[in-house]
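Q: Sequence:
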Amino acid sequence: MQVVFARTTPQQKLQIVENLQRRGEVVAVTGDGVNDAPALRKADIGVAMGISGSDVARAAASVVLMDDEVASLVLGIREGRTIFDNLMKTVAYTLCHLVPETLPVLVFLCIGVPAGLTSIQILSIDLGTELAPAISLAYEKVRTASVSEYSRNV
Numbered sequence: 242m243q244v245v246f247a248r249t250t251p252q253q254k255l256q257i258v259e260n261l262q263r264r265g266e267v268v269a270v271t272g273d274g275v276n277d278a279p280a281l282r283k284a285d286i287g288v289a290m291g292i293s294g295s296d297v298a299r300a301a302a303s304v305v306l307m308d309d310e311v312a313s314l315v316l317g318i319r320e321g322r323t324i325f326d327n328l329m330k331t332v333a334y335t336l337c338h339l340v341p342e343t344l345p346v347l348v349f350l351c352i353g354v355p356a357g358l359t360s361i362q363i364l365s366i367d368l369g370t371e372l373a374p375a376i377s378l379a380y381e382k383v384r385t386a387s388v389s390e391y392s393r394n395v
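For the sequence shown, our numbering assigns the number 242 to the initial residue and increments by one for each residue that follows.
Hint data in this document are derived by calculation from the structure and do not stem from the laboratory. Some hints could be false.
What the hints assert, rightly or not - Below, computed lysine to aspartate or glutamate pairings styled on DMTMM-like, alpha-carbon distance capped at 20 Å:
1) 330 with 381
2) 330 with 285
3) 330 with 371
Please put together the full structure from these sequences, using the hints given.
A: Shown next, in the form of structure tokens:
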């Protein structure tokens, strides 16, 4: 469940952060003033405004929005999730073909059954045929919208 608090005082922000963290929630807080610094520092993710925000708020935050658009935060989260998903696909792809490549070598080492290919040949074939598809998974694109499209929905 996602809850958004708006129009809160800096003291209320800090109290909300502490209460949610006590419940085991991950908390993100936005702020731009000196009074918001305690909540920004205490939160798991503190987001400060880069243009209108104070130096104290920017120093206390873990993320600084350079254009002061909260919609940019949504775009950044979407891009981060895409990168994470692509890395997971690449790792899963690599692990899937790891077993058929290492099993013959292990059988040869443990039991002594002659392998059809040497370890170097298997690695050479792997580098020649599996490297490009694995890398291509890391660069899959996601449909990205502009900041203005998200700001209409926020």
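Q: With a cut-off of 20 Å on the C-alpha distance, tell me whether residue 330 and residue 285 pass.
A: It is violated: about 27 Å lies between the C-alpha atoms, which goes past 20 Å.
Q: Quickly compare the C-alpha distance for residue 330 and residue 371 to 20 Å and report which way the hint goes.
A: 14 Å, holds
Q: Take the C-alpha atoms of residue 330 and residue 381, compute the straight-line distance between them, and say whether it is at most 20 Å.
A: 10 Å, holds
Violated hints amount to a single one, hint 2; each of the other numbered hints is respected by the structure.
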